[in-house]
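In terms of full-length UniProt numbering, the sequence shown is residues 1 to 127.
Simulated from the structure, these hints should not be mistaken for laboratory data. Be careful, since some hints might not be right.
What the hints assert, rightly or not - Taking lysine-lysine and the BS3-like style, the derived pairs with C-alpha atoms no more than 30 Å apart in a straight line are:
1. 110 - 51
2. 109 - 84
3. 112 - 84
Unchecked claim - Simulated restraints on C-beta separations:
4. 52 - 111: 29 to 37 Å
5. 55 - 32: 17 to 25 Å
6. 55 - 110: 21 to 29 Å
7. 56 - 110: 15 to 23 Å
8. 32 - 117: 37 to 45 Å
9. 84 - 123: 45 to 53 Å
10. 110 - 34: 13 to 21 Å
11. 114 - 86: 13 to 21 Å
12. 95 - 30: 20 to 28 Å
13. 122 - 92: 38 to 46 Å
14. 48 - 90: 48 to 56 Å
Yeah, the Cβ is synthetic: ideal placement off N, Cα and C, and Gly gets one too.
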Amino acid sequence: MNFTQRYQPTRTWFNEFDRLFDRSAFNAPRETFHETENAWVLRIDLPGYAKEDIQLSLTDDILELTAETSPETAFGGKLVRRWKLGGDVDGANTNARLDNGVLELTLPKKPKAVPQPTNIEIQSSNN
Numbered sequence: 001m002n003f004t005q006r007y008q009p010t011r012t013w014f015n016e017f018d019r020l021f022d023r024s025a026f027n028a029p030r031e032t033f034h035e036t037e038n039a040w041v042l043r044i045d046l047p048g049y050a051k052e053d054i055q056l057s058l059t060d061d062i063l064e065l066t067a068e069t070s071p072e073t074a075f076g077g078k079l080v081r082r083w084k085l086g087g088d089v090d091g092a093n094t095n096a097r098l099d100n101g102v103l104e105l106t107l108p109k110k111p112k113a114v115p116q117p118t119n120i121e122i123q124s125s126n127n
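Kindly generate the complete structure, drawing on both the sequences and the hints.
Structure, rendered in structure tokens:
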């Protein structure tokens, strides 16, 4: 038996429309990233997530955020975001604070090495 599906031109349009609004760019939380003299500051809107729902890790130059709540909540589901940071971040002194659904990370910069001049001794030639 051969099954055929009737052509429905609007179905393709609706499928594309559904896919458009399912893309993660539209579902991603709002974030701001700015630099101060001594640190990088990242603010991420995470409404509906409690401190216990959020995990942060910094491996090499990759900062990873994982947040998960139950699907029954308005903002439910799992969120994973990664940022590639420069090598000037002091990961050991990074801190995070969650206040009214806004997660703020302060990523201190490593102190810049001050170049030390090296004296070079000049030897005389004995001809």
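Evaluation of the provided hints:
1. 110 - 51: holds (27 Å)
2. 109 - 84: Holds. Residue 109 to residue 84 sits at ~15 Å (cutoff 30 Å).
3. 112 - 84: Cα-Cα ~20 Å, so holds.
4. 52 - 111: 29 to 37 Å: This hint holds: roughly 34 Å between Cβ atoms.
5. 55 - 32: 17 to 25 Å: Holds, at about 21 Å.
6. 55 - 110: 21 to 29 Å: Hint holds: Cβ distance 24 Å, inside 21 to 29 Å.
7. 56 - 110: 15 to 23 Å: holds (19 Å)
8. 32 - 117: 37 to 45 Å: holds (41 Å)
9. 84 - 123: 45 to 53 Å: The hinted range 45 to 53 Å holds for residue 84 and residue 123, with Cβ atoms some 48 Å apart.
10. 110 - 34: 13 to 21 Å: With Cβ atoms ~18 Å apart, the hint holds.
11. 114 - 86: 13 to 21 Å: holds (19 Å)
12. 95 - 30: 20 to 28 Å: This hint holds: roughly 21 Å between Cβ atoms.
13. 122 - 92: 38 to 46 Å: holds (43 Å)
14. 48 - 90: 48 to 56 Å: violated (31 Å)
Checked against the numbered hints above, the structure violates only hint 14.
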